[in-house]
Each structure stands twice: as C-alpha cells, then as structure tokens.
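Chemist: The lines below spell out each chain.
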Amino acid sequence: MSSVSTRNAPDILTIRGLTVSFSGFRAISDVDLDVKEGEIHVIIGPNGAGKSTLMDLITGKTKATEGDILFKGEEITGKDPGVIASKYHIGRKFQGPNVFDNMTVYENIEIALGGYTSIRKAFSYRRKEKQKKQIEEVLRQIDLYDQADMMASELAHGQRQWLEIGMVIAQSPELIILDEPAAGMTDTETMKTGQMIRDLSKKHTLIVIEHDMEFVEMIADYVTVLHQGRKLAEGPFSEIKNNKKVIQVYLKDDMDEEGD
Amino acid sequence: MRKKKNIFSKLPLNRYFDILMLIFLTAFPFFTKEFRVEMMGRYICYAIFAISLDLLWGYTGLLSLGHAVLFGMGGYMIGISYQIQNGVVPAFMQREGITEIPWFYLPLQNPIVASILGILIPALFAALIGYFVFTSKIKGVFFTIITLALAQIFKDFIINVQKYTNGFNGLQSIKRFSVNGSTPLTKTTYYYVVLVIAVLVFIFCLWLTNSRVGKICTSVRENEARLGFLGYNAGAFKILIYTISGALAGLSGVLYAPATSTITTEDIGVTASTMVVIWVAVGGRGNLTGAVFGALLINWAQSILSEHFSSAWQLIIGALLLVVIYFIPNGVIGQIVALQRRIITDRKKNKLMEETPKSKKMAVVK
Chain A
1 MSSVSTRNAP DILTIRGLTV SFSGFRAISD VDLDVKEGEI HVIIGPNGAG
51 KSTLMDLITG KTKATEGDIL FKGEEITGKD PGVIASKYHI GRKFQGPNVF
101 DNMTVYENIE IALGGYTSIR KAFSYRRKEK QKKQIEEVLR QIDLYDQADM
151 MASELAHGQR QWLEIGMVIA QSPELIILDE PAAGMTDTET MKTGQMIRDL
201 SKKHTLIVIE HDMEFVEMIA DYVTVLHQGR KLAEGPFSEI KNNKKVIQVY
251 LKDDMDEEGD
Chain B
1001 MRKKKNIFSK LPLNRYFDIL MLIFLTAFPF FTKEFRVEMM GRYICYAIFA
1051 ISLDLLWGYT GLLSLGHAVL FGMGGYMIGI SYQIQNGVVP AFMQREGITE
1101 IPWFYLPLQN PIVASILGIL IPALFAALIG YFVFTSKIKG VFFTIITLAL
1151 AQIFKDFIIN VQKYTNGFNG LQSIKRFSVN GSTPLTKTTY YYVVLVIAVL
1201 VFIFCLWLTN SRVGKICTSV RENEARLGFL GYNAGAFKIL IYTISGALAG
1251 LSGVLYAPAT STITTEDIGV TASTMVVIWV AVGGRGNLTG AVFGALLINW
1301 AQSILSEHFS SAWQLIIGAL LLVVIYFIPN GVIGQIVALQ RRIITDRKKN
1351 KLMEETPKSK KMAVVK
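In the order they appear, the protein sequences are chains A and B.
Counting in this note's numbering, the first sequence runs from 1 upward without gaps.
Counting in this note's numbering, the second sequence runs from 1001 upward without gaps.
Wrong hints could be hidden among the right ones.
[To be verified] DEER-style ranges, computed between Cβ atoms:
hint: 1; chain 1: B; residue 1: 1012; chain 2: A; residue 2: 186; range: 33 to 39 Å
hint: 2; chain 1: B; residue 1: 1322; chain 2: A; residue 2: 102; range: 21 to 27 Å
hint: 3; chain 1: A; residue 1: 217; chain 2: B; residue 2: 1325; range: 52 to 58 Å
hint: 4; chain 1: A; residue 1: 153; chain 2: B; residue 2: 1314; range: 35 to 41 Å
hint: 5; chain 1: B; residue 1: 1352; chain 2: A; residue 2: 102; range: 18 to 24 Å
hint: 6; chain 1: A; residue 1: 145; chain 2: B; residue 2: 1196; range: 40 to 46 Å
hint: 7; chain 1: B; residue 1: 1179; chain 2: A; residue 2: 133; range: 51 to 57 Å
hint: 8; chain 1: A; residue 1: 149; chain 2: B; residue 2: 1316; range: 37 to 43 Å
hint: 9; chain 1: B; residue 1: 1329; chain 2: A; residue 2: 133; range: 35 to 41 Å
[Said to hold, decoys possible] If you only want the chain A side, here are some residues facing chain B, beta carbon under 8 Å, derived:
hint: 10; residue: 86
hint: 11; residue: 101
hint: 12; residue: 111
[Claimed, not checked] Below are the DSS-like pairs computed for lysine-lysine, each with C-alpha atoms no more than 30 Å apart in a straight line:
hint: 13; chain 1: B; residue 1: 1137; chain 2: A; residue 2: 79
hint: 14; chain 1: B; residue 1: 1139; chain 2: A; residue 2: 121
hint: 15; chain 1: B; residue 1: 1187; chain 2: B; residue 2: 1033
Bear in mind the hints are in silico, worked out from the structure with no lab data behind them.
Glycine residues also receive a C-beta, built at the ideal position from the N, C-alpha and C atoms.
Based on the provided sequences and hints, a complete structural model is requested.
Modeler: The structure is reproduced here in structure tokens:
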C-alpha cells in the first residue's frame, strides 16, 4: 500500500463542512474530506450512510445545503453536472451499469471522448487516427476490444460495468468517481476490476465507493468511513480494519446482515 | 475489428432496401398513368415529412404529436404566394373588405422567397418552442403534450384568421412552381423534382445521423442523464435537432402544396400529426428507411383501399395497424434490421467463445 506517500500529495478535492438535508432529514452532516492527488480513496459505510449522496454532491447532481467543495482549490459547489464534468474533468461511474444500451460499445466510448461536447466541436469532430487510437486504447484497458461492434445491451453484466468505466476513462478526467464498480460481478471479474482500478491510479485520482471488504483491501490507499451521514473514521485500510468504532458500527452491521 | 474484409456483410439490409425503393420510384412514371404519378409525388413529400419526424422521434426519442404544424407552415407559405401573384387581392380577402395585400404578405409574392420562408419560419418556430421546452425542466411525455396542444392551437388560429387564410376552406390552385407567370412544371417533371430533393434530404439525414451530432442525439434517446455527466448540454442538442426537423417538415410542406394544388386545415391539425406518427411507427423508427417506407406504404394502401372499399377502408387500415404494432413493435423495417443484427451478434459471440482458451473459459463458467 502506498498510503504514506500519497497522503503527502496536494489535495485534488477538499470538502469542508458539507451538509445536505432533504425536507429536514440530514443525509450528509458536516463532512470534511481530503482527497490527495494520485490516490485511491475508498469510501465505505453501511447502507444509508450517505456515500452515494456525497458523490451526487461532488458531481453536481444534488445541491448542498451548506459547506464547500473545492476542486484544486477552486469552488465547484452548486455547479451544474455538465460543467463539473467538462470544465473540471470529474468523471463518474454510477451504481449499476448506466450506459447507452442500443448503441455499440465503440459508439459508447466515442461519445464519451472528452473535448467534443459543444455543438460546434461535435460538428467539427472527425474520427481520425488520433481518435481511433484513443478509443482503441480505452477498449483494451477495459478488455472489450473484441466486443467493439456489439450493442451495449448484448454484453454481460460485468462487461457493462467495464464499459461504463471505459466511458469515464474516455472523458480523460483527473478525478474518477466509481460507485460500487464490482457490484454483481463474479470473483474472476472482481479481480480483473481491481487490477483495472490499480492501473487507472497511475494516471488518475480515484474515489471508489465499495461494500466488499476484500475488494477494498485490494485497492485502497486511504479509507474514509461514513455512518449516518457523518464521517466516522479515516486512515489506511490496516488502521480502519482495527478501529473499534468502525468494527462496532460497520462490521457489526455487516455481521447482522449476514446473520439474517 | 475494423478491418473491412467484406463491406457488404456489414451493411445493414435496409440500405439495399433504400436502393430498391429509389429504383422503383425512378422508374414509376414509365409504367403508370399520370394521376398515379401525381399521387406518388404527394407521398414522396409525405416521406420527407416522415423523415423529419424520424430524426426527432426515432433518433432523439422526442415524440411530437404536432409535427403537422411545421408541415402546414411550409404549405401555407407557398399557398399564400399563389393567391397573391401579380398583386391581385384574392377573393376571400376582398370579401372581408381588404383592398390591398397586407404588408406581411408582400415578400411571399415571389414563390422562391415563399419557399425559403416556408423552410426558415418552421425552423425558427421549432427553435423557439425547443428553447422554451428544453431549457426548462419539462421532461419526457410533457414535450409530446405541449406539441399536441400546439397542433390544436395552430389549426384554430388558421381557421380564426379567415380573412388572411380563407379559414377551413383552405387555399386552392397552388401552381407547380411557376415563377413570374411562367408555365408550371408538368406533373411528371415535378415528380422528379420532388424525388431528387427527397434523395438529397435522405442523404443529408444519413450523414447527420451517422455524425457525432447524430450519435449524441441517439444518446439523448438512450440515456439523457448519463450524457449530462459526460459533460454535454443535452438541451442544446435537442433544440438543434428539433430545428433541423422543423426545417425539413417545412420543406415537405412547401413541396406538398403544389403537388396537390391545395392546402387546408385538414393538413395541419392533430389528425395530420397523428398520421405521420403512424407512418413512422409502422415503417420502423430510427433507421430512415422505415419512415420512407411507412409513408409510401400506408398512403398507397389507403388510396387503393378507399377506391375499392369506399366505406370499410379505414377499418382495414386500423386493423392492419393493430397487427403491426402488436406483432412487430419495431415496425416492418425495424424488425428486419433487428433480425440481421441478432444473426451477426450470435455469430460473433460463438466466434469469441471458440477463440477463448479452454482454461479461461472454465474460469468464466465458474
């Protein structure tokens, strides 16, 4: 684990006192978070801890009630999703595959390709060698090169998850947010996804939301634990694993669930 | 992957169908009577109209139930033009006490200007409606409801300003593009003019839908929210495609009115808007061929049936629609395309399975 070295890097994302309430219910309550450049920052927590809501806030899907979100020191709180994606280069993979079903794998990646999102740029876009190479590289990274001509709807569940990861890569974002990337995958696919994420961290910073503890151990540089909308603990996985509060709240919950 | 060993094995079947239709339509005047040629010319105008809806509905997923408004705008522009040739005030205006051509009609005296306005005005109108609808929070089915309301309002408007539009009597004796009193084109010549324009429109739409802009529109249909998180402003693309669709619908109206020599409120209301939706639904959405085929097939069937079964033809058409929508929801051409796609994919999947080494295959199975 390279946790020690990445924690010295500058912040790519800084969150201070972030709060959001939906008709009185505080889904996120006074959360501080520092994501360092180049790290894989995993966010864990029991169901309803506010993990996905936190990601909605960062990507502009939900507007914060209070607090600040800074991307490289620049305020992005309350900006529109399109702006956050194209101007600040934050890419997000949603929970469960969220792709363009009746389009080919190749088209899915091509649409995601960053830098051609305005009408003018979209008209002047040509699929030249440079773009082809870019698309093919992404296809290899997510191991869907042979499936390029297939419709996204014809892929297996795991492959669809990878396709969405590929779409996020194609945006060439600096910060990538992955919401449960290994959900519903077989063991083999989960291993492959873990490797994919480690490879990605060479070029990008990643925030990953995850449930599966083995998977977290495999990828995490740094872990933040959320519980009932508040930050419960943070640190390298080895510390979190032995943190009494975490074990009590999170792992206990986990055991209860398994016991049901 | 991108190696094209045999380009024809990759080409969708409907593109062959396009070529067959073109050959058929080109040869059509040689083996039929003139009134049939005139009929088919009208249906080719309808085909352009159907293509314009296909861009919006089939490709972008925005169902308009008021598309005939844009068609009607085109038709009325050219229609008015032939009422006021040589500065003559038409009878229906004189009845209302108008002695001079209203200033806002003056530019329409030139049929060429009228044709251009017949394309521009519906395009601008679509852009305006698109702007209000797509930059607000209005989503999904509400666009459809708004367009439906528009169709009714526009028809009522045309009927109510009778002194300028001749109300529901409509406009008659629209010439096949006689400019400055020149002889109108013959029915057959006009048929070919319409056909050539239709082919150009088709090629333009083929290019557009395969361009990045077209693919972005398809992504709007597939998953608009996802597109937003990729950094796109989906609303801007929706306004754009609605504007283009409006221009083409206007063009089809401009061509249609001279082809039948009349335009009435029957051509612009809710009923007319519903008909074009049916043509596209039966032919198949989102592949252009279906729109053209649907428009030609249903209109032809309608006229043949009405000649033979003067009272029951609407029932027969209705039954046919139910059968098509129930058994082949993709439409006739859509079904063929889907079938071909499935065969190619199955073949590809089998090939990939064979290429996978045994050990890897075991792992996947596990």
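Chemist: If a hint holds in the structure, say so; if it does not, say that too.
Modeler: Evaluated hints:
Look at residue 1012 (chain B) against residue 186 (chain A): about 34 Å separates their beta carbons, and that is inside 33 to 39 Å. Look at residue 1322 (chain B) against residue 102 (chain A): about 25 Å separates their beta carbons, and that is inside 21 to 27 Å. Remark: the range hint 52 to 58 Å for residue 217 (chain A) to residue 1325 (chain B) is upheld by a beta-carbon distance near 54 Å. A hinted range of 35 to 41 Å for the beta carbons of residue 153 (chain A) and residue 1314 (chain B) is consistent with their spacing of about 38 Å.
Distance hint check for residue 1352 (chain B) and residue 102 (chain A): the Cβ-Cβ separation is about 21 Å, which falls inside the suggested range of 18 to 24 Å. Restraint check, residue 145 (chain A) to residue 1196 (chain B): a C-beta distance of roughly 43 Å satisfies the suggested window 40 to 46 Å. Our hint of 51 to 57 Å for residue 1179 (chain B) and residue 133 (chain A) holds, since their Cβ atoms are close to 53 Å apart. The given range of 37 to 43 Å is respected by residue 149 (chain A) and residue 1316 (chain B), whose C-beta atoms sit roughly 41 Å from each other.
Distance hint check for residue 1329 (chain B) and residue 133 (chain A): the Cβ-Cβ separation is about 40 Å, which falls inside the suggested range of 35 to 41 Å. For residue 86 (chain A), the suggested interface contact is upheld, since its CB lies about 3 Å from the closest CB of chain B, less than 8 Å. The beta carbon of residue 101 (chain A) comes within 6 Å of a beta carbon in chain B, closer than 8 Å, and the hint placing it at the interface holds. A distance limit of 8 Å between C-beta atoms decides the matter here; for residue 111 (chain A) the minimum to chain B is near 5 Å, and the interface restraint holds.
Between residue 1137 (chain B) and residue 79 (chain A), the direct Cα distance comes to roughly 17 Å. Compliance with the 30 Å bound is thereby established for this hinted pair. Taking the CA atoms of residue 1139 (chain B) and residue 121 (chain A), the gap is near 26 Å; set against the 30 Å cutoff, the hint holds. This hinted pair checks out: residue 1187 (chain B) and residue 1033 (chain B) have alpha carbons roughly 11 Å apart, not beyond 30 Å.
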